[in-house]
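S.K.: Listed below, chain by chain, are the residues.
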Amino acid sequence: RKEVEQDPGPFNVPEGATVAFNCTYSNSASQSFFWYRQDCRKEPKLLMSVYSSGNEDGRFTAQLNRASQYISLLIRDSKLSDSATYLCAVTTGSYIPTFGRGTSLIVHP
Amino acid sequence: SAVISQKPSRDICQRGTSLTIQCQVDSQVTMMFWYRQQPGQSLTLIATANQGSEATYESGFVIDKFPISRPNLTFSTLTVSNMSPEDSSIYLCSVEDSWGRRDTQYFGPGTRLTVL
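Protein sequence lines correspond, in order, to chains U and L. All residue numbers for the first sequence refer to this note's numbering, where the first residue is 52 and numbers rise by one. All residue numbers for the second sequence refer to this note's numbering, where the first residue is 2 and numbers rise by one.
Calculated directly from the structure, the hints in this document are not laboratory data. C-beta: ideal position from N, C-alpha, C; glycine also. Hints are all accurate, no fakes.
Covered by chain L, per the in silico footprint, the following chain U stretches (three or more residues, Cβ under 8 Å):
id : segment
1  : 92-100
2  : 142-154
With a Cα cut of at most 20 Å, we get these calculated DMTMM-like pairs of lysine to aspartate or glutamate:
id : chain 1 : residue 1 : chain 2 : residue 2
3  : U       : Lys93     : L       : Asp12
4  : U       : Lys96     : U       : Glu56
5  : L       : Lys66     : L       : Asp12
6  : U       : Lys130    : U       : Glu66
7  : U       : Lys96     : U       : Asp108
8  : U       : Lys96     : L       : Asp104
9  : L       : Lys8      : L       : Asp27
10 : U       : Lys96     : L       : Asp27
11 : U       : Lys53     : L       : Glu59
12 : U       : Lys130    : U       : Asp108
13 : U       : Lys96     : U       : Asp133
14 : U       : Lys96     : L       : Asp98
Bound conformation, chain U alone (with noise of 0.2 Å):
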């Protein structure tokens, strides 16, 4: 079993949908949990660290199941800028995240 897990999608939504992305993760002892975002030929960047409380960031929630070793990301109103690939990132004792492949979103009008 990989380490960390997503399913690549693509993800093909209406422009204002809401949509979801899992990520499991093999370590039960992992420690930190953060989402990326990727745009196509470019560098991934950070988009939201993953509290074990949740946290919300305008359109965007992140929420961490440690009993089921997941990490989701929702995006409500889906806008066509939101097209792009999101990586999940999970750390254990190194502290190094080790990433997933991505899940890729196309927004459409």
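Fit chain L to the known structure of chain U by using the hints.
M.R.: This is chain L only, laid out in the frame that chain U set:
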């Protein structure tokens, strides 16, 4: 966050040659990281580069193939040696955040390498 630049942004190379990629940061950082991202794949850590010591390589990556230099706190190079088509990939450097948190990373724009 730090501003990171990489050179070259892209290159097309012949099999058997070597390419050195440069990574420059606009502020001093303790740790720099080199990743590889192959098409449709996740970011894979190649090595961690600390100033003043040898790089620490991840499983599957060796110094002879990917020698790394870290001469100061703002600069690092990664060399891809004796290249083969399997080395075609995007190579990214990254740094820890300004608070020294390794789990929060900021990436350079990447070097897109194609080996013929």
